[in-house]
Amino acid sequence: MTGAAAEATAVVLLALSLIVAVLRPFGWSEAFGAVPAAVILVASGTVPLAAARASVERFGPTVGFLAAILVFGHLCAEAGVFDYLGTLAADASRGAPRRLLGIVVVLAAAVTAVLTLDATVVLLTPVVLTTVHRLRVPARPHAYACTRLANSGSLLLPVSNLTNLLAFGASGLSFGRFAALMTLPWVGAIAAEWAALRTFFRRDLHTPQEGRVQVAVRAPVHALCVLAVTVAGFVLTSGVGVAPAWAAVGGCVLLLLPRIRRRDISARELFLRTSPGFCLFVLALALVVDGVTRHGLGRVLTRIVPSTTSIGALLITALLAAGLANLVNNLPATLALVPIVAGSPAILLAVLVGVNVGPNATYPGSLATLLWRRILPGDAAPDATQFHAFGLLTVPLLIVAVTTILWASLQLIGL
Numbered sequence: 003m004t005g006a007a008a009e010a011t012a013v014v015l016l017a018l019s020l021i022v023a024v025l026r027p028f029g030w031s032e033a034f035g036a037v038p039a040a041v042i043l044v045a046s047g048t049v050p051l052a053a054a055r056a057s058v059e060r061f062g063p064t065v066g067f068l069a070a071i072l073v074f075g076h077l078c079a080e081a082g083v084f085d086y087l088g089t090l091a092a093d094a095s096r097g098a099p100r101r102l103l104g105i106v107v108v109l110a111a112a113v114t115a116v117l118t119l120d121a122t123v124v125l126l127t128p129v130v131l132t133t134v135h136r137l138r139v140p141a142r143p144h145a146y147a148c149t150r151l152a153n154s155g156s157l158l159l160p161v162s163n164l165t166n167l168l169a170f171g172a173s174g175l176s177f178g179r180f181a182a183l184m185t186l187p188w189v190g191a192i193a194a195e196w197a198a199l200r201t202f203f204r205r206d207l208h209t210p211q212e213g214r215v216q217v218a219v220r221a222p223v224h225a226l227c228v229l230a231v232t233v234a235g236f237v238l239t240s241g242v243g244v245a246p247a248w249a250a251v252g253g254c255v256l257l258l259l260p261r262i263r264r265r266d267i268s269a270r271e272l273f274l275r276t277s278p279g280f281c282l283f284v285l286a287l288a289l290v291v292d293g294v295t296r297h298g299l300g301r302v303l304t305r306i307v308p309s310t311t312s313i314g315a316l317l318i319t320a321l322l323a324a325g326l327a328n329l330v331n332n333l334p335a336t337l338a339l340v341p342i343v344a345g346s347p348a349i350l351l352a353v354l355v356g357v358n359v360g361p362n363a364t365y366p367g368s369l370a371t372l373l374w375r376r377i378l379p380g381d382a383a384p385d386a387t388q389f390h391a392f393g394l395l396t397v398p399l400l401i402v403a404v405t406t407i408l409w410a411s412l413q414l415i416g417l
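Letter by letter, the sequence shown follows residues 3 to 417 of the working numbering.
The hints are simulated quantities; they were obtained by calculation from the structure and are not laboratory data. Certain hints may be false.
As the list claims (entries may be wrong) - Label pairs and their calculated CB-CB ranges:
1. R265 with A230: 24 to 30 Å
2. A221 with V24: 36 to 42 Å
3. V402 with R305: 19 to 25 Å
4. V231 with R265: 50 to 56 Å
Just so you know, even glycine gets a beta-carbon here, dropped at the ideal spot from N, CA and C.
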């Protein structure tokens, strides 16, 4: 299939794949829409078989790392890492809502950077909600902090977000260089998010504190040590040309050793922790997006994406990526843009600002935001009008600010 028919088919199948991923009817996995769509595109010749094979080979290692880091995050949670961090946050805040918000912002950004945004949404958010209920402070500002920092706090490391992983291989940057260039934008994003949350939710944060409930939680020393070693392993493995997935696998093994001795873990449980449906969804979505870009979208994006690395070009790229992320979700937006900007690391990093900070504008911008919305209890559930007003008011300003900081970082450090 070629021409207008191929383009229309690919666009429709991409839309259906995203609808299934967003709505998950009958509790279906995201893969139930994307995998059949990918099969149709390959079978019809819209995506050549050789291109499909090359795409799976290219993204396979990235998906393997995603599976390993998801398991690692769950093992950290089961070892008590997040409960311990929540207790530290409660003690450090002394029950003051504004102080707790600052701590949650920093904590969410740190967890996102090290363990990916999925860990922040799925594992840290429930701990934060338990903490605010125990301290009797308003839940909504702190719940919002989790999703906002899950997205914009994922700028720091190649392993912080699937979008980063997809872009990292095409960037030509080392792990350390990537982190060095993104440190200032990451810090700027955290500070800007804190200021936005504190301003927008100022009434909630002025609520008088009602009291403190002391809860003692023992430090999970083994898990914290393994976490530190694993983070160091990400840097070391990348420095010697070894995929960081091996560091994540090593961390899983070290966390599993005590549990293997106790015989309280099963192979089936570990397999389910890899989120196989979501991993299949990522691989299939790459093929579907390939079909769309191969038959129209790619040519359009190639014409409008800047080819220079001036501050203006970086701003246009970041805003374009943010708009595309909110239109079709940040994962397809990344898959569509990375091949086009692969020759320019500076433009590629600007794309990451757009697809990581930009999705905070709307619910569909990020799958992590949609998941966050589903898991929140009633008293912390977001109001759609409030969520989108907050996002649309703040996200464009944040993108401009963070992209400007990225340009300054590029001038200071250089590629």
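Legend entry - Range hint 36 to 42 Å (beta carbons of A221 and V24) holds or violated: holds, 39 Å
Inset, instruction - Using the Cβ atoms, figure out if R265 sits within 24 to 30 Å of A230. - result: At 27 Å between Cβs, range holds.
Legend entry - Distance restraint evaluation - V231, R265, Cβ atoms, bounds 50 to 56 Å: Check failed, 24 Å falls outside 50 to 56 Å.
Legend entry - V402 versus R305 beta-carbon gap, inside 19 to 25 Å or not: Cβ of V402 to Cβ of R305: about 23 Å, so the range 19 to 25 Å holds.
Checked against the numbered hints given earlier, this structure breaks only hint 4.
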